[in-house]
Amino acid sequence: MTTMSSGLMGRSRLEVLEGRWRLVLFVVVAGFLLVAPFVLTPFFFVQILIRSLWLGTVAVSLTFLIRYAGMISLAQTGIYGVAAYVTANLSVTRGVEPWTSACAGITVAVVLAVMVGALAARARGVYFLMLTLAVGVFLYYFALQYRPFTFGFSGINGVAVPSLGSIQLSDPRNFYYAALVAAAVCLLGLSAYSRSPLGLALQADRDCPERARALGMEPLVVRVVGFAVAGVVAAIGGVLSVWFNGQVSPGSLDVTRTIDVLVIAVLGGVARLEGAWLGALLLSVLTVYVSDLTDYYTTVIGLVFIGVVLASPNGVPGAAASAISALRRLVPRAPAHGSVPPTQQEKPS
Amino acid sequence: MSQVEAATPRSSWIAGPHRLSGTAAVVAVAVLASAALVVRDGSNDGLLLAVTILNGLSSAGLYFLVASGFTLIFGLLRVTNLAHGSFYLAGGYIGWTLRDATGSWLLALVGAALAVAAMGLLFQLLLLRRVDGDPIRESLLTIGLSVVVADLTLSIWGGSSLDIGAPALLDSTFTVNGLVYSEYRLALLGLAILVGAALYVLLKCTRLGMTIRAGVDDPVILATTGVNVPVMLSLVFGLGAFLAGLGGVAGGSYLSISQGEDARYLLVSLLVVIVGGLGSVTGAAAGALLVGLVESFAQVHLPTYSVLVTFGVMIVVLAFRPQGLLGASR
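Chains Y and F, in that order, give the protein sequences. Last residue of the first sequence? That's 348 in numbering that gives the first Met the number 0, and every number before it is there in order. Last residue of the second sequence? That's 329 in numbering that gives the first Met the number 0, and every number before it is there in order.
No wet-lab data here; the hints were simulated from the structure. Mixed in with the good hints, there may be bad ones.
Cβ-to-Cβ under 8 Å is the rule here; a few derived chain F residues that face chain Y [stated by the list, open to error]:
no.	residue
1	L124
2	L125
3	R129
4	P134
5	I135
6	I142
7	I155
8	W156
9	S159
10	L161
11	L307
12	V308
13	G311
14	M313
Remember, it's a predicted structure, so these values are computed and weren't measured experimentally. Just so it is clear, CB atoms sit at the ideal spot from N, CA and C, and this is done for glycine as well.
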């Protein structure tokens, strides 16, 4: 009895410690993100940080689906691409006001997400993956072939970045903060959704659809709504991307980009939603710096991806965490107060 | 075991007792519409119709070659191999180099297929076995492989499309009643029929085929009878890769080999196998025929959107009848 309670106390002390570290980590990361535009080189800041922000926003929609719904969707690139295309087409060829175009883009993308979700929700596991892959490829060919709207191979160029009141978002610094706010809103929104009744139902359905149904939930509705919520986030990523790049073309939603998003989600790990942005940062850094070293940088990324899939189900953060705990076990230290040696615990009573 | 269960939870996928009649109605409408189309075409321009059908049949032959490998790997072994298109691509490129170096088409065909089989076998032994039975990690691993293969083939063979060229013996056309058609494309159909028959005999009539089917149904019991199941499954994986490599050379001899073809043939294989039903050679043949003919007619009637028709068919089939149009037995 006494050993048990002290063991529990030991664990809670550890949790307090971990909580403190987490707070420190949060403050450091948030502080860095706030001052980044002023301390980083313009290249790193624009090509890596801003890029990671919008790529991560697209990828977090996939991380969310994997983490809370158990769905590996390869249609997220298609959804973000549709948002990007509608925004670009309305604002460039029809002269619609940029914010209105963005809202229209997000709306169309979400309607599409509801349709895809309704089609795909009955399939599970690998079949879901294939169905969404087919949807993604379908949308790619649509973008390539439906020239009256998408302008074929060259896509739509010269998309202007709007201003927010008196703040010009075309200035990279302002755009960075806007993207940062959008990413944070997506992150908070998704984690709030995951704790809401619908989000909890989504997780229940992921774990055991039969029980969820027995409790009176309608699995198909829960899945479609979850897929649509992820679609909103992917669409926001699409709007950010089309403003950042100033253009959109079929290349923005081809299979390579689909795989990029998947690589980001896997590298970043699916245990936490923030992992998506970490994965995006890793991929951007790998792409930029490994391509300086070798022409085979895509191969390197592919091999890293294979390694992560094989070695760590929880991506790079998971690998780092297990490395740290392995180090902790290696470093000899005094046993914590009241802790029980493992051999003693394992003895049958 | 759990994989097999996961692949056929029919009751939870398709709700309602009216599913069969609904599918039947859709199929009936599709058949009637295409029959009307064919009759109208036939009365307008018989030659065009004949060429369209021949094109459809020879595409079906190529699709069957590639997809028969996929039906072994995905349908029988239940390995979600999303690198199957990369096997096709690698086969085509290696075949091009062999043809370029030796001039022999037959050597290119066999050599490339063997090289791809070795590649597939190696991948299965070194990496895929480590995630045995987890379809999601299998699919992620094979996606990783396809990224690597695409990048390496791009840096070795470049981004422009290559053409292996048909073998000298078949590199001309023949004429029947004013109809001019390529000898090679007909020969391709013959090759596909040959491979299909060989596969059918192997799986249905030989002891090895019996063992393979037993290993798919219950690997544990089969192992207790003294069969080395992992080795056998690896060999079947290698055979599947071999067929994809064969398809790469066969397709690269009249269509071009270029980057992006991997995704196309992966999706076509998925489509063929899913339409035809998992793990059945006859199903794959039927699926290939359907896909080849639909695509060929779509190219005539909707040239711009023919690809969309193909993938549209795939989405609809996956969404409403994931066990395949013909696959009911499994």
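**Item:** Supplied contact hint for F/R129, tested at 8 Å Cβ to chain Y
**Value:** 6 Å, holds
**Request:** Using Cβ atoms only, decide whether F/L161 comes closer than 8 Å to chain Y, and label the hint accordingly.
**Result:** Violated, because the Cβ-Cβ distance from F/L161 to chain Y comes to roughly 20 Å (cut-off 8 Å).
**Asked** Would the stated hint for F/M313 survive a check requiring a Cβ distance to chain Y of less than 8 Å?
**Response** Since the shortest Cβ distance to chain Y is 5 Å, the answer is holds.
**Request:** Go through the hint on F/W156 and say holds or violated, using the shortest Cβ distance to chain Y against 8 Å.
**Result:** Since chain Y brings no Cβ nearer than about 14 Å to F/W156, farther than 8 Å, the hint is violated.
**Message:** Next item in the hint list is F/V308. Is there a CB on chain Y closer than 8 Å to its CB?
**Reply:** At about 10 Å, which exceeds the 8 Å cut-off, the nearest Cβ of chain Y leaves the hint on F/V308 violated.
**Asked** Holds or violated: F/L125 as interface residue toward chain Y, Cβ cutoff 8 Å?
**Response** Violated, because the Cβ-Cβ distance from F/L125 to chain Y comes to roughly 10 Å (cut-off 8 Å).
**Item:** When the least beta-carbon distance from F/L307 to chain Y is tested against 8 Å, hint result
**Value:** 6 Å, holds
**Request:** Return the status of the interface hint for F/I135: holds when the least beta-carbon distance to chain Y is below 8 Å, violated otherwise.
**Result:** Check passed: Cβ of F/I135 comes within 6 Å of chain Y, closer than 8 Å.
**Message:** Can you verify the interface hint for F/P134: is its Cβ closer than 8 Å to any Cβ in chain Y?
**Reply:** Holds, because the Cβ-Cβ distance from F/P134 to chain Y comes to roughly 5 Å (cut-off 8 Å).
**Restraint check, 8 Å cut-off on beta carbons, for F/I155 near chain Y** = Check failed: Cβ of F/I155 comes no nearer than 11 Å to chain Y, outside 8 Å.
**Asked** With 8 Å as the cut and Cβ atoms as the points, is F/L124 at the interface with chain Y?
**Response** Violated, because the Cβ-Cβ distance from F/L124 to chain Y comes to roughly 14 Å (cut-off 8 Å).
**Request:** Against chain Y, run the beta carbon of F/G311 and see if the smallest gap drops under 8 Å.
**Result:** This interface hint holds because 7 Å falls under the 8 Å limit.
Violated hints, in rising order: 1, 2, 7, 8, 9, 10 and 12; the structure is consistent with all others.
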